[in-house]
Amino acid sequence: MTKTAVNIAGIAMKNPVCTASGTFGYGDEFGKFYDISRLGGIMVKGVSAEPWLGNKGVRIAETASGMLNSVGLQNPGVDYFLEHYLPKLRKKDLAVIVNMVGHSVEEYAAAVEKLDGHEGIAGLEVNISCPNLKAGGLAYGTDPKMAAEVTTEVRKRTKLPVIMKLSPNVTSIAEIARAVEAAGADGVSLINTLLGMAIDVKTRRPILGNVVGGLSGPVIKPVALRMVWQVHQAVQIPIIGRGGIVTASDAIEFMLVGATGVAIGCGNFINPMTAVEVVDGIKEWLDKEGVTDINEIIGGLRIG
Amino acid sequence: MTKTAVNIAGIAMKNPVCTASGTFGYGDEFGKFYDISRLGGIMVKGVSAEPWLGNKGVRIAETASGMLNSVGLQNPGVDYFLEHYLPKLRKKDLAVIVNMVGHSVEEYAAAVEKLDGHEGIAGLEVNISCPNLKAGGLAYGTDPKMAAEVTTEVRKRTKLPVIMKLSPNVTSIAEIARAVEAAGADGVSLINTLLGMAIDVKTRRPILGNVVGGLSGPVIKPVALRMVWQVHQAVQIPIIGRGGIVTASDAIEFMLVGATGVAIGCGNFINPMTAVEVVDGIKEWLDKEGVTDINEIIGGLRIG
Amino acid sequence: MVLSAKGQVLQNIAVQTGIYEMTISAPEIAKSAIPGQFVMVRPIYRSFEPFLNRPFGISNINAVKGTINILYIIVGKGTDLMRELREGDDVFLIGPVGNGFTIKPEQKNIALVAGGMGIAPLLPLAKTLREKGVTTYGLMGASKAAALVGTDAWQENGVQVQIATDDGSVGQRGFVTALLEDLLNKEKIDFIYCCGPTPMMACTVEIAEKHGVPIEVSLEKRMGCGIGVCMGCICKLKEADGSVKQYRVCYDGPVFRGEEVVFDD
Amino acid sequence: MVLSAKGQVLQNIAVQTGIYEMTISAPEIAKSAIPGQFVMVRPIYRSFEPFLNRPFGISNINAVKGTINILYIIVGKGTDLMRELREGDDVFLIGPVGNGFTIKPEQKNIALVAGGMGIAPLLPLAKTLREKGVTTYGLMGASKAAALVGTDAWQENGVQVQIATDDGSVGQRGFVTALLEDLLNKEKIDFIYCCGPTPMMACTVEIAEKHGVPIEVSLEKRMGCGIGVCMGCICKLKEADGSVKQYRVCYDGPVFRGEEVVFDD
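Each protein sequence line maps, in turn, to chains A, B, C and D. First residue of the first sequence: 244, per my numbering; consecutive thereafter. First residue of the second sequence: 244, per my numbering; consecutive thereafter. First residue of the third sequence: 1356, per my numbering; consecutive thereafter. First residue of the fourth sequence: 1356, per my numbering; consecutive thereafter.
One chain only, chain A, in its complex shape (with noise of 0.2 Å):
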């Protein structure tokens, strides 16, 4: 019987498959497409302390292989969350990984403080991509400083598995995984989106309401390898790799080259059975190749 659970700073999970943040709400809308409980885990929508609108205007557009998004972390807040949709999460059999935001430590801090103490969290996920307003707008993942503040704040706020998104959009990804293990943190998730931007040569105006956004899908997987594995040999705690992830094949790559577990994005946006897919792929694959037990191919990357 091949086995295929993981444990991922603490939390539990009978397969590897996450959803990534922000591209499968709270799970109630896919619940039209299969049971999530085939799921290792869910990664929910980003909640801050209080409620945040988005961004105006055009918040999505294609790009070749991927897409851009700036949706601007559109969410209810995390009462709305702890009220309507955690106690739902609750019956259902994976593990909850509560995605939070924040424009300040104050609101990392006070998000934190609400969401403490709930059951049936299985660990917080911390986005460092959000701009720190009080620094004009620079992503805290982007400073190793600014990254390990947010992570002592959280960490001294909580006991649950705090795992941090990292930004790839660094000079050195390793030297920002570092800091927040330094600070404090039990696992990293990587990459969060490319920053890019796409024009409309018609009106010679960008095409999202926001000029720039988040690029994800297919096109970032290479870069995504890369950093997972250059994170992988810098730091001891766990990591979830995204980036691209639409086929068992690109799960199991991430695995490789060092990812303990994986998260499907804007695969869930083209083919709502994505995720579903891949943890049956991952398990024929690892049958096919007579691995009994998943954790074997983590960092098993073969080189030289």
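Rather than coming from a laboratory, the hints here were simulated on the basis of the structure. It should be emphasised that the depicted structure is a prediction, and the values quoted were computed from it without experimental measurement. Built from N, CA and C at the ideal position, the CB exists for glycine as well. Just so you know, not all the hints are guaranteed correct.
To give an idea of the chain A side of the interface with chain C (calculated C-beta under 7 Å), a few residues [what the hints assert, rightly or not]:
hint : residue
1    : G274
2    : K275
3    : E305
4    : S308
5    : L325
6    : G460
7    : N514
8    : P515
List time: in silico DSSO-like cross-link candidates among lysine-lysine, alpha-carbon distance up to 30 Å [what the hints assert, rightly or not]:
hint : chain 1 : residue 1 : chain 2 : residue 2
9    : B       : K299      : B       : K357
10   : C       : K1600     : A       : K377
11   : D       : K1361     : D       : K1463
12   : A       : K331      : A       : K275
13   : D       : K1386     : D       : K1487
14   : C       : K1576     : C       : K1459
15   : A       : K299      : C       : K1576
16   : C       : K1543     : C       : K1600
17   : D       : K1463     : D       : K1593
18   : A       : K531      : C       : K1361
19   : B       : K331      : D       : K1463
20   : C       : K1361     : A       : K275
21   : D       : K1482     : B       : K275
22   : C       : K1593     : C       : K1576
23   : B       : K445      : A       : K526
24   : C       : K1543     : C       : K1459
25   : B       : K377      : D       : K1600
26   : C       : K1487     : C       : K1459
27   : B       : K445      : A       : K257
28   : A       : K299      : C       : K1593
29   : B       : K388      : B       : K377
30   : D       : K1386     : C       : K1432
31   : B       : K257      : A       : K445
32   : B       : K445      : D       : K1591
33   : C       : K1432     : A       : K299
34   : D       : K1361     : D       : K1459
35   : D       : K1593     : B       : K299
36   : A       : K357      : C       : K1487
37   : D       : K1565     : D       : K1459
Following the hints, position chains B, C and D against chain A.
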């Protein structure tokens, strides 16, 4: 009569379309498809003071809407270029921009000293994405000081226009652009390739012999457009934009965000006629839009 | 029940300059679809490029044959590839998605108001209304005769069709909303269904409210996923308490009560 | 003259399990192609995904009909999409690329040595050799009978065919190189043309040199562009001065003199 001529840091070109270094050899091969004098310029394959053999093993990996390469800047050296290729290029009616590579400041210096003073060279493009062997392989282009140092050393050895080719693998490309501008660069070209990786799950090995490689193709266009736009706002010197240009529309997008010239990279691989199709397509678009001088659209992005 | 399924192209023909109609075999979708719902389409089954699926209102539902139709106009890469498809080609489908039009038994006289390609979801609706035996008026607005689609299908379903074109090349010169004014002045209409460009729908809702006739509109927005999770297709609705809230066109709509929609773009 | 052109699929059929043959209408390419040259193919004319064109040795050249053929085995995304192509579909082509085999008038007795799909470039060569009226022996090696392709075409062109398979399911059990040894011991061969897996070609060259028979091999390498600029398909050749230099398989080859090739991978 529509004016398509541009002047990039003193390099006059009849149209803004160049071929990017490493995707067009030294002009010979494409003579089979069209007269390269139809182009605005050619950025020849990077030359080093002494010949480089490049990397071993697999050098090319296909990715979604793009490719990774780890050719390793194989080239016959400056002397061979000057003797065998430059004479042929002199006979052509296009701007010859010589791309230079090096593993140390001394190697850059040696290359520029050999290149300086030869008739038929319109300008130099300096690739600073090469690893600095004295700084543990850290790429010059990822550190403002190192990038500025190379700029200074090249600058002081020639009167030719010096264009620094910027690496996108940085937290702030605007910071690097400002550093090379302050050090005397006449222009910048961006973006170079994004560092990426590809895995073969069958062998559980990296596909590239060099493990990591440079990502190019339509995949990187959104990131390239964003970076050109950021650099356009950060510096006064002209920009040659590149990153996934395969159509005239792509090229116009780069000019709208601030590029004075554009370079066709691996678009040359998938369709040898790409560069001339872009030249013709830009002309058509200008006529259709009633733009009499192409310089009017440079940085002409409409926002708000 | 929403499905993601492989559909097979049965026919793919030009019905106007630059406008095509595709007949797709998709039995399960055809079985459960109702008028006003749409499908997400990926033209090349085995490729993720273009990356996002395209939304198309279902323009005909044939549960017996197990087929659905979509109307599309060539606007870019995706529709350009769709045009290339031939009988036997596979397409990837998600559907039926969205909420269809609501049909109440007490409705006896109904007006359908369409603008351009907006007629698509109003075609299967006309079929359903005919089965209900109600009197249906179809008001169609287009830029010119050469841009007119669907009105024949309306006629076949017993709809009393009136046309308005910007250049007067067919029907009355001017906007379809003028036709609606006249109709509401002449006839007692119980309910209006509308789909078309935003300004045209905004104006239609205004007229409907002036005449006190309830109306449903089907909104169109750039969509990322079509299944309610990407937050790309946001619209604003007035709440009972007067406040304004954000909703997803793909999941909470695309059909909304006219009076609640905030037409701000 | 090398062209980048639109080709039209005339036929696309399975010739073995997982092995297909595509007949493409490409008059200008068919007019100028010679045996040993290849074409770069993009399966979906209107899409850049998959991104890179795939190289395929031309397995038949019909200048009169203006068609070329290619043989391909399903290995991944690109060939998977190629299999889907049907009569009338467009493909993007660059070709003919590379240098073909050299044919000298004094050659009277010739051996073609093929391994698996490597037979492709040796098929049009057999046709040309027949026209020259030379005696041609065709030695084919394959894993098993079900992997055998092209030998019928050899026979049709008067080639005296011998087959070796790893499992002995057809012809002699063992390697094709054993057949070559026997042939060179029995017959006086002037020249050998070879294409197949690297180890097989290395061994063939060794045997040819031992018997003092000149040989040309057609190398296969992963290619980025196929036109000599991406530097992806490097091979090593021994120079006259004993040194080793790097060459491009696509541009300087794919056909090289056997004795100069360094078979190091």
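For the hint on A:S308, just tell me whether its beta-carbon gets within less than 7 Å of chain C. holds, 5 Å
Starting from B:K388, check that the Cα of B:K377 is at most 30 Å away, please. Holds: B:K388 and B:K377 sit about 14 Å apart, inside 30 Å.
Taken at face value, is the distance from the CA of B:K357 to the CA of B:K299 at most 30 Å? Holds: B:K299 and B:K357 sit about 28 Å apart, inside 30 Å.
Do the alpha carbons of B:K377 and D:K1600 lie within 30 Å of each other, as the hint requires? holds, 29 Å
Would you mind confirming whether the straight-line C-alpha gap from B:K331 to D:K1463 stays at or under 30 Å? violated, 42 Å
Does the alpha-carbon distance linking C:K1576 and C:K1459 stay inside the 30 Å limit? Measuring from Cα to Cα gives roughly 27 Å; hence the hint holds.
Between C:K1361 and A:K275, is the straight-line Cα distance small enough, at 30 Å or below? holds, 17 Å
Hinted pair, alpha-carbon criterion (30 Å max): C:K1593, C:K1576. Please report holds or violated. Holds: C:K1593 and C:K1576 sit about 18 Å apart, inside 30 Å.
Are C:K1600 and A:K377 close enough, with their CA atoms no more than 30 Å apart? Given that 30 Å is the threshold and the Cα spacing comes to 29 Å, the pair holds.
Grab the minimum C-beta distance from A:E305 to chain C and call the hint holds if it beats 7 Å, violated otherwise. holds, 5 Å
Using the nearest Cβ pair, does A:G274 come within less than 7 Å of chain C? Because about 10 Å separates A:G274 from the closest Cβ in chain C, which is outside the 7 Å limit, the hint is violated.
Within 30 Å, alpha carbon to alpha carbon, are B:K445 and A:K526? holds, 15 Å
Hints 1, 5, 11, 16, 19, 30, 34, 36 from the earlier list are contradicted by this structure; the remaining hints agree with it.
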